[in-house]
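Chains C and U supply the protein sequences, listed in that same order.
Going letter by letter, the first sequence gives residues 1 to 230 in our numbering.
Going letter by letter, the second sequence gives residues 1001 to 1081 in our numbering.
Just so you know, these hints were derived from the structure itself, not from any lab.
As the structure is a computational prediction, the values presented were derived from the model and not from experiment.
Glycine included, every Cβ here is placed at the ideal spot set by N, Cα and C.
Check each hint, because a few of them may be wrong.
To be verified - Stretches of chain C that chain U covers, calculated by requiring three or more beta carbons in the stretch to come under 8 Å of a beta carbon on chain U: (1) 61-70; (2) 100-113; (3) 202-216.
Unchecked claim - Derived DEER-like restraints, expressed as beta-carbon distance ranges: (4) U/Glu1072 x C/Arg123: 41 to 51 Å; (5) U/Leu1071 x C/Gly150: 47 to 57 Å; (6) U/Cys1033 x C/Val202: 20 to 30 Å; (7) C/Ser168 x U/Arg1073: 48 to 58 Å; (8) C/Phe157 x U/Phe1074: 22 to 32 Å; (9) U/Arg1076 x C/Arg102: 19 to 29 Å; (10) C/Glu77 x U/Arg1073: 17 to 27 Å; (11) U/Thr1078 x C/Phe97: 18 to 28 Å.
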Amino acid sequence: MVPCQMKATGLHSRPPGAHWRLSATDPKPLTSTIVRDDEAALVSLAKGGDTHAFEELVNRYERKIFRLGMNITQNREDAEDVMQDAFLKSYQNLDRFQGDSRFYTWLVRIAVNEALMKLRKRRPNQVSLDEPVPGTDGEDSVFREIEDWGPSPEKKFAQTELNEILNSVIGELDPIFRVAFLLRDVEGLSTEETAQILGISVAAVKSRLLRARLKLRQKLNKYFRRSETQ
Amino acid sequence: MNCKKVILELSSYLDGALDSSMRTDLEEHLGRCTDCRIVVDTCRKTIQIFCNSEPVPLPEDVRSRLHSALLERFRRKTKTT
């Protein structure tokens, strides 16, 4: 398994190669890094015209940006366009990158905008990034299905089958929640970075993230509960 | 702390972002409420499962098209400068 390169807080923290602690009562912050320290140097070289330095940045992030595109758009062709446009635009506009954020965060912001544009084109009436009205399908419905999943519920499935399940449930999420979850929990960005990319407040990110996590938990429950037989 | 409050603070708890007093209250509640304990545990596992899932492989043809497009862009930029 490839470790999720998470920011260094609570649940998202583990040393390379270590297993997650599943204890519900011991979320201790450790340290990890999402980007190598030489990112700024590569950006500086690329700004000066060093195409090899930019290629190194591309090599470093192409899989992550493709995965992000796939996860948001749920479509391979769209994901390819998203990835290509994100790298070409970032190269084109490299002079405008001031280094206020990490290059990767800036790149993700471009990719997210491209991906959301694709979604809006495909489903113009269904994709809104407006803050949703608090509903009854989020926090209030949590206690409808309470079943233990056992220690390693994902092991009930072969990798391919598990990937299909994960793709399916994340695809069912409203884009507004999906993107917050992907940036924060899959890409490992901080809440502040996620807020910056989405142009919303930290409180709004937290709210969307909570609802996304609860909804995904609920959707996965039918696959992972102990009573589910294969 | 009641169950509703636990759910509202769930994300912060999982992210290790609760202050120690709130965390203690929440964990006291988890010690006596099986439902909340299961919700916290399964929510944590939900994140872990996504986090640990195999990344989508980048198909070679897709990668090749990206690098061709970049090379073309590099050439164009070199010509204009």
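Quiz item: Can you list which hints this structure breaks, lowest number first?
Solution: 2, 4, 7, 8
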